[in-house]
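Participant: Letter by letter, the chains look like this.
Protein chains: 2
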Amino acid sequence: MSVTAPQGFEAAGVAVGLKSTGNPDVAVVVNRGPLKVGAAVFTSNRAKANPIIWSQQVVADRTVEAIVLNSGGANCFTGSFGFQTTHQTAEKAAELLDVSASDILVCSTGLIGTGDEAFRAKVLTGTEQAIAELNADGGAAASEAIMTTDSVSKISTYQRDGWTIGAMAKGAGMLAPGLATMLVVITTDAVLTPVEADEHLRAATRVSFDRLDSDGCMSTNDQVSLLVSGASGVEPEAEAFRLGLIDVCTNLAVQLQADAEGASHDITIQVIHAASEDDAVEVGRSVARNNLFKAAIFGNDPNWGRVLAAIGTTRAEFDPYDVDVEINGVRVCTEGGPDRPREDVDLTPRATNVTIDLRVGEEAATIYTNDLTHDYVHENSAYSS
Amino acid sequence: MSVTAPQGFEAAGVAVGLKSTGNPDVAVVVNRGPLKVGAAVFTSNRAKANPIIWSQQVVADRTVEAIVLNSGGANCFTGSFGFQTTHQTAEKAAELLDVSASDILVCSTGLIGTGDEAFRAKVLTGTEQAIAELNADGGAAASEAIMTTDSVSKISTYQRDGWTIGAMAKGAGMLAPGLATMLVVITTDAVLTPVEADEHLRAATRVSFDRLDSDGCMSTNDQVSLLVSGASGVEPEAEAFRLGLIDVCTNLAVQLQADAEGASHDITIQVIHAASEDDAVEVGRSVARNNLFKAAIFGNDPNWGRVLAAIGTTRAEFDPYDVDVEINGVRVCTEGGPDRPREDVDLTPRATNVTIDLRVGEEAATIYTNDLTHDYVHENSAYSS
Chain A
2 MSVTAPQGFE
12 AAGVAVGLKS
22 TGNPDVAVVV
32 NRGPLKVGAA
42 VFTSNRAKAN
52 PIIWSQQVVA
62 DRTVEAIVLN
72 SGGANCFTGS
82 FGFQTTHQTA
92 EKAAELLDVS
102 ASDILVCSTG
112 LIGTGDEAFR
122 AKVLTGTEQA
132 IAELNADGGA
142 AASEAIMTTD
152 SVSKISTYQR
162 DGWTIGAMAK
172 GAGMLAPGLA
182 TMLVVITTDA
192 VLTPVEADEH
202 LRAATRVSFD
212 RLDSDGCMST
222 NDQVSLLVSG
232 ASGVEPEAEA
242 FRLGLIDVCT
252 NLAVQLQADA
262 EGASHDITIQ
272 VIHAASEDDA
282 VEVGRSVARN
292 NLFKAAIFGN
302 DPNWGRVLAA
312 IGTTRAEFDP
322 YDVDVEINGV
332 RVCTEGGPDR
342 PREDVDLTPR
352 ATNVTIDLRV
362 GEEAATIYTN
372 DLTHDYVHEN
382 SAYSS
Chain B
2 MSVTAPQGFE
12 AAGVAVGLKS
22 TGNPDVAVVV
32 NRGPLKVGAA
42 VFTSNRAKAN
52 PIIWSQQVVA
62 DRTVEAIVLN
72 SGGANCFTGS
82 FGFQTTHQTA
92 EKAAELLDVS
102 ASDILVCSTG
112 LIGTGDEAFR
122 AKVLTGTEQA
132 IAELNADGGA
142 AASEAIMTTD
152 SVSKISTYQR
162 DGWTIGAMAK
172 GAGMLAPGLA
182 TMLVVITTDA
192 VLTPVEADEH
202 LRAATRVSFD
212 RLDSDGCMST
222 NDQVSLLVSG
232 ASGVEPEAEA
242 FRLGLIDVCT
252 NLAVQLQADA
262 EGASHDITIQ
272 VIHAASEDDA
282 VEVGRSVARN
292 NLFKAAIFGN
302 DPNWGRVLAA
312 IGTTRAEFDP
322 YDVDVEINGV
332 RVCTEGGPDR
342 PREDVDLTPR
352 ATNVTIDLRV
362 GEEAATIYTN
372 DLTHDYVHEN
382 SAYSS
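Taken in sequence, the protein lines are chains A and B. To convert, take the position in the first sequence, counting from 1, and add 1; that gives my numbering. To convert, take the position in the second sequence, counting from 1, and add 1; that gives my numbering.
By construction, these hints were calculated from the structure, which means they are not laboratory data. Any given hint could turn out to be false.
Simulated restraints, written as ranges between beta carbons of each label pair [said to hold, decoys possible]:
id: 1; chain 1: A; residue 1: S103; chain 2: B; residue 2: D323; range: 25 to 31 angstroms
id: 2; chain 1: B; residue 1: E318; chain 2: A; residue 2: T194; range: 37 to 43 angstroms
id: 3; chain 1: B; residue 1: V196; chain 2: A; residue 2: E318; range: 32 to 38 angstroms
id: 4; chain 1: A; residue 1: H88; chain 2: B; residue 2: D248; range: 19 to 25 angstroms
No residue lacks a Cβ here, since even glycine has one placed at the ideal position from N, Cα and C.
The shape of chain A in the complex, shown without the other chains:
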């Protein structure tokens, strides 16, 4: 059911030839209310695509009527013509929905530098066709239309106490956190104020999408949006709603990790007993971005030396000679020295767990990443994204 699982939303996905495959490539999600609350977080990459620059203005007043998304072109570094394309896309949707263009979010994904006149014409056509096909069961079609190199569409729902959260996501490469990462649309029929929606979204993305770092490469088009219809009439208890939203976001983050380009291992890096949560995140990310460690895991090699070498590049509080490392439950390093033999570690499962005990504090964080494989190199060495 994706984004149409909650009451008050309609969606659609259509194919207009932005993708050479002929697969669906334009999606629209509309909030029928009664509330028209919107919140969004964006990539922190300073090189922002035109839809990001536009959407940041749209969400400023926290009122959002609809969101238009396209795959098959990022409309990034396409000049003023590209920005006009985004603006015209919002104007087209606004005219057909009889609302203000300043309440229409726009997202694009695909090759950076793509945004010519043919691209514009197809996006405008797709916007018109998708709006004509809007329906309360369109969530699945919308989630398929935003796929790029994704092998499967990614959706998640959560229900409790009469309110529902629905969500869809796309992303398989360039997966590293900005504020958010990849394209995500989350809908809910819970009754939330604009401030609550914004605070819940930032809190949930901080501990979910922000902790996913598949390949260290931050996108120019990342956006996570939350649309609130309030159609259930239920005002959720704040903590309950936040837990539900975190559940949905973490579920999608793990789906994105599982579908990362070319990956053969999903690596969960748990950093425990850190002096601060920031330290734990910095340490986890330094390991997640170490190509030698990532290649070793691809080779089913529990190379803990590369883990410690990566940690050593951080500013985190720790003593390199008082760190423990466990890989898939086997303590391979104790107090910065060798412990059990590498032969004891079974790295054949796709699910890989690395636990780093810094032994200095009480804080912890989990980073989700992937290994560095031949398929990753292959998929990213052709001009495609």
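Using the hints, position chain B against chain A.
Facilitator: Then chain B, alone, in the frame of chain A:
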């Protein structure tokens, strides 16, 4: 001639079985004086190998008699036993050379976590054998004994006005700057004070080895040492000596880049018109560490969008929509937008030049890196380094 090109130095390289191949694996370089000046820079990785911890103490008084180097084991994260091994290595060399152990530098390279009793016995035996074979033509043998995954030994010499600089280096992976990177021994018969030696070495490494970033992974064992014999009796003009030292260090850095594990392109990233040299280095390094960009170059794909996406993650002063990018002489991006078609770029040569014009200032820097290839993944996915 390597490190024995200058007057006043003897060297040797021997095989004691630290390498499974049976190739030479222990080297000794001795300074016969008259001066016994030494300087060294070390990895800034906080996870430092035992030889680094030892050598930092040795060089503190800027007096160095000799340096013992081994391949086939990094002696890193091997506990107090490993540190004792380094100490005993220095004691053994000091005893045979009739000098103080506190003037013996030690370097190790190989697998992190390797440093057991068999390793210690072989290193001590190798130290004894190498000292027995010391000779004024031993530079070549020494340079071969420090090779790990290097396919060729790396040496460089520079002569001017009666003084000579000789040098050897090893390194093929884990190539990212700390203060230094990889193992390098530089010798000279020029007359230098300890302060001059230290200042020249730091100045030269800052613009050479520190600008080499092959795979973003910083080693735990990196050390660049300069031994000064003064045997030529010539006091060089300071600027002339520094230029000579920079020439030798840059020459070696480029040799290391050319031999980087699995690489198919040597990528020179020139960042120009930056507001500061630090900005230029940060921008160059962000591109050098972007796996999507590196994989694209492997695929002969001038994917300038990935260049701008990488720049956008830096704190450097620039406007993403006022940046120019040239790849192998073809302007593919002007003012943050598409310029000439990608088909115009020929990426078939191994030598690849990327020029990034930030258009905000007068500073510049050059970063040397490599592409991300199947061979890189292959060589680093087996338990070997």
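Participant: The structure should be examined with respect to each hint, and the outcome stated for every one.
Facilitator: Verification of the supplied hints:
A beta carbon spacing of about 27 angstroms between A/S103 and B/D323 agrees with the range 25 to 31 angstroms that was offered as a hint. For B/E318 paired with A/T194, a C-beta distance near 39 angstroms keeps the hint of 37 to 43 angstroms intact. Distance hint check: the CB atoms of B/V196 and A/E318 are about 34 angstroms apart, consistent with the given range 32 to 38 angstroms. Between A/H88 and B/D248, the C-beta spacing of about 55 angstroms breaks the proposed range 19 to 25 angstroms.
Hint 4 from the list above is the single one not met by this structure.
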